[in-house]
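K.L.:
Residue strings, one per chain:
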Amino acid sequence: MAERSFAKEVEQLRIGAGQEFRGEGILGITKALLECGVGYVGGYQGAPISHLMDVLADAQDILGELGVRFEANASEAAATAMLAASVHYPIRGAVAFKGPVGVNVASDALANLASGGVTGGAMMIVGEDYGEGSAIMQERSHAFAMKSQVWLLDPRPNLPSMTKAVRDGFALSEATETPVILQLRIRACHVHGAFEARDNQRPPLSVAEALKAPRRSTERLAMPPFAFRHEQEKVSKRWPRAVEFIEANGLNEIMGPAEGKVGLVLQGGMYNTVLRALRRLGLADLQGNSRIPLYVLNVTYPLAEAEFLSFCAGKDAVLVIEEGQPNYIEQSLAHMVHRAGLPTRVQGKGHLPMAGEYQPSVMLEGLTGFLSEHGIAAADPRHRAPNDTARPPLPDLTPHVPLRTPSFCTGCPERPIFAAMKIVDQQIGPHQIACDIGCHLFSILPPFDLGGTTMGFGLGPASNGAFDGGGERRPISVIGDGGFWHNGLASSIGNAVYNNSDGVIVIVDNYYTAATGGQDILSSRAENRSKITDNSIAGAVRGVGVKWVREIDRTYDVTKVRDTLTEALTTPETGPKVIIASSECMLNRQRRERPQRNAAIKEGKRTVVPKFGVDEDVCTGDHACMRLSGCPSLTMKALDDPLRDDPVASIDESCVGCGNCGEVADAAVLCPSFYQVDLVHNPGRAEAWIARHSARLIAALQRRRAARRLILS
Amino acid sequence: MTEHPLSLTNFQPDADGLITLAILAVGGQGGGQLTDWIVELAEANGYRAQSTSVPGVAQRTGATVYYIEMAPDRGGAPVFALMPAPGDLDIVIAAELMEAGRAVTRGFVTPLRTTLIASTHRVLAISEKLVPGDGRLEGAPVMDALEAAANRCVALDLQRMAQETGSHITACLLGALAGSGVLPFPREAFEAVVRGSGRGVQASLMAFARAYDGAQKGEPPHAATAEPPRPAIRGPEALQRRYQALTARLAALPEPVRALAGPGLEKVVDYQDLAYGAAYLDRVEAAVAKDSAARDWAYATALAKHLANALCYDDIIRVADLKTRAARFGRVGAQAQASPGDVLAVTEYMHPRGAEICGLMPRGLGRRVETSPRLSHWLDRAVNKGRRYRSDRLPAFLMLHALAGMRPWRRRLWRDETETQHREAWLALADGRLAQDYDLAVQTLIARRLIKGYSDTHSRGLGKFDLVLKGMALVEGRADAADWARRLITAALGDAEGEALRGTLATIRSFA
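Same order as they appear, the protein sequences are chains S and F.
First residue of the first sequence: 0, per numbering that gives the first Met the number 0; consecutive thereafter.
First residue of the second sequence: 0, per numbering that gives the first Met the number 0; consecutive thereafter.
One chain only, chain S, in its complex shape:
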């Protein structure tokens, strides 16, 4: 079960022609896939495309009714490999994953797929994780399209354009026998909007039907001698046909006035930011009417040379608005102008920064610079407005506002693992620690400050390879259950076994790919109606030959995690030492248990709700507990006591009673301030009797002692 349910929203996927579809960009894309008669869908979750996988998983009934096969692929490579179904069969297929990291993983399959080409439309929907809010290194997926000769669509970020791009993409793919990439930026994935729906189409040939009459053709095989032919075919046939299709069907858009001294050439995804900047400069209105000619590249690869050159005709200069680097588009366009001998200047980077997201202020500045260079007076509101000299300038608040880095959620089962690791580091000495991708990567941030590298999903232990020989202290690596199944079993665990690694591998098993929104994977404990779960990580690890395996089935037992880590780091045994630390992601667990618990309380069933507290008289305000926790619910409170300078620990109402505070206080021998309160709703009769009588006796003892001393407050 994913973090977010789309069960209600997916009902909209059934609507037909003429009705208005309202919702998130991702949901609109799904609807467009169904309208295009897609035969199979799949992908691998990851921001900003996770919700597409969630939508597909929640839409399985609708997909089933239409005869559409849904695979939750093991990785982006597996997803792209699945597009092989479109190689010989005229079946449309689409897979989704994040870019550029997912595209990196997919690139092997992508190159093979692109070489032979496809019969049915094949589409990769790539959520480009770039700019503000991104969790990964800043690169572009663009280069993959260029090197494999697949076409790259970058539609304007509104639902009508994005859904049209799905239709155009399939048609382009089939017309050119080439897979296509539909690229969506972070905000486009989550933009809320509307478009006019069409009827869903059953695939003309379903994947199930295709199995009745298998097809093959060695012509499509990506190996010599065919591969040599494919390369020629890519440039002599597929590319020209693509350009022809793009121009003939108007996939790119020319907007604004027909004539103009200068024009703007922009990636479709940049459109809204460009239009808003123009509007602020008084050069466009809210409805999108621009006073500067625009050439909107809804297809950013290949570029339509003739179309572009005709846009340039009569213009002094064009500004290429291309986000990220290198500036492939600008270079190509400049080359075209040069080759054609046009006097038009192609400008781009320089007015706009080479690297980094084109945020509104960057865009405003870039456009202002370009336009004023060409004598177009921009009506910048800053220059029109009267000076407000009455107000003093604002003080710089930066030193007063704390950075707020993301961290483990309240009750996260990974926190105690890193608390234990930090205690071990303090006891034995610092260790070389390699991290992986996933929530557990928050270990690199305060308060834990553990680990310094991440080399890719499932590659944490592999990235410690050079240290596998061991030394004074063993290297530690961390990998999540998501990374383990994605790639880690072979690349990291198998690798460590084969190389007789001396390292310690901690597998953080929280029952889901939690960082991407809690999707199920092989080892998820939840029952999944269409997938096979509950497969053992320990079994797989032993299966590839690991001898030293320890399973911890409650990560909150900090003492046990600490002792197991210490054992792994000191045991004389050779070979990789694998610790599988398992506890359910608290976000998902709460979402699952809270409604059940509330129902049980209402029904009068015995229900225990745990919470933690701090005795503020006992706490001395040293905050050692927080340096081993960072839990959002463990916070501070100033006491109304003139004798005490420092705020004491305090646990707020968001506490879910995971136990980390008490366990850490125990394992690190901190203080006796923490207590756990189990609130027992609807207790049993015996339990209530004991509690009543214990309380009575305790109260009597308290009264007796109180009577002999001064009670001052």
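Please note that a few of the clues may not be correct.
Calculated pairs, EDC-like style, for lysine to aspartate or glutamate (alpha carbon to alpha carbon, straight line, at most 20 angstroms) [said to hold, decoys possible]:
(1) S:K636 x F:D156
(2) S:K601 x F:D341
(3) S:K604 x S:E686
Output of the computed footprint for chain F on chain S, the stretches with three or more beta carbons under 8 angstroms from beta carbons of chain F [said to hold, decoys possible]:
(4) 150-162
(5) 680-687
Think of the hints as simulated: they come from the structure by calculation, not from any bench.
Where is the CB? At the ideal position from N, CA and C, for every residue including glycine.
Given the structure of chain S, go ahead and fit chain F onto it with the hints provided.
P.N.:
Using the frame of chain S, we list chain F on its own:
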């Protein structure tokens, strides 16, 4: 001082009726829900709207931004922007004080244009919590700037309103937005959206109404501002009379000293007994005799404060005493919000080490055990482990009750001997410096603040205290000795690892 990026932007009602709105929240605060509500509200009232967000890892307790644009539906499809632009925002909603400050630093709040709706409560960032002393950033500079930065500022403690109405801050933020009147929709339209959400509607509507009124009329006085009257001192008559005799001595103390000696006396007597309190007052009075009004009684005041804390060292008896009191049981029950019929199970997390048990031994025995490596190792092995005690059940309660009952013997135990020695040495040091360097003597007393906590934390605190005293000894005699002492204490409180303290010490060694 920096110039506001677009402080010159004038507010002109947008010809297209475009309204831009950003929501800044801490991940997990429900910014997504609020966004959905506002979009629904706009669309139900003749507007076209678009929202965007950047979900992803920031949702895991990081700083998040949601962005909404809306314009009256006049046919056609408006081109809405996907990102908030500095200087181009009509409304900014910040779900926490520092997020409001962040909105200002990012240029989202413009003096002539932006209506800022902010909750003034704090969600502390991790960096603020890690400091061994008080690492909280001051809210006041941010609060002051909000007023100046915005065209209009509605700043209320919306989290408190949410708690008091048993709801979530999301409903309060919507209420404050409605109450501010900045959106062209009536109150009923907002409430309809809340009703439509289906879950916890009654509580949400109450929270909404509180925030709505708050935005219109200002914050109602804090419900808890009326301090409950202090309960009268209770206990046996004879003890009360003797205690009153002690409190009578307070009246003779100068005002600033009295302000701390009062609570100090109470603390010491509560911790041990009246004789302990009398001894405390003797020390305070002696300090006053050596001090003067010209110095604002700084020495005697510091002594009154830090001596009280030093006398009340944290031992097992104290912990057992605090944990078994009736008032504490009441506090735990109230915090758990138990309904009648519910049962509370209270588990104490304790981890005594050999040293703490040794401290509970009579002087002679304690000294023997502690000075013998073999015995202390044996003792530590026997007791050093985590223990969970169900203090709501008789067996554990009786044990804690008995430990707390050792109070009358405390002065004869080994721990008291070591504490007394340490304390006397410290007091003598401060006293000795009083004549030469008054300020350094005061700082010597204040350094006591570094000793706190239990077990390892306590030893680390002691270690820092020793280092700071060593540093003070190095600068003793210099004119700026007290300044260096102050620096040493600040450094020691600043980080747990002691890096800053070692750095300051190294600097001192370079010249002293």
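K.L.:
Now tell me if each hint is right for this structure.
P.N.:
So, going through the hints one by one against the coordinates:
1. S:K636 x F:D156: 16 angstroms, holds
2. S:K601 x F:D341: Holds. K601 (chain S) to D341 (chain F) sits at ~13 angstroms (cutoff 20 angstroms).
3. S:K604 x S:E686: At roughly 14 angstroms apart (the allowed maximum being 20 angstroms), E686 (chain S) and K604 (chain S) satisfy the hint.
4. 150-162: holds (count 3)
5. 680-687: Held - the stretch 680-687 of chain S has 5 residues with a Cβ nearer than 8 angstroms to chain F, which meets the minimum of three.
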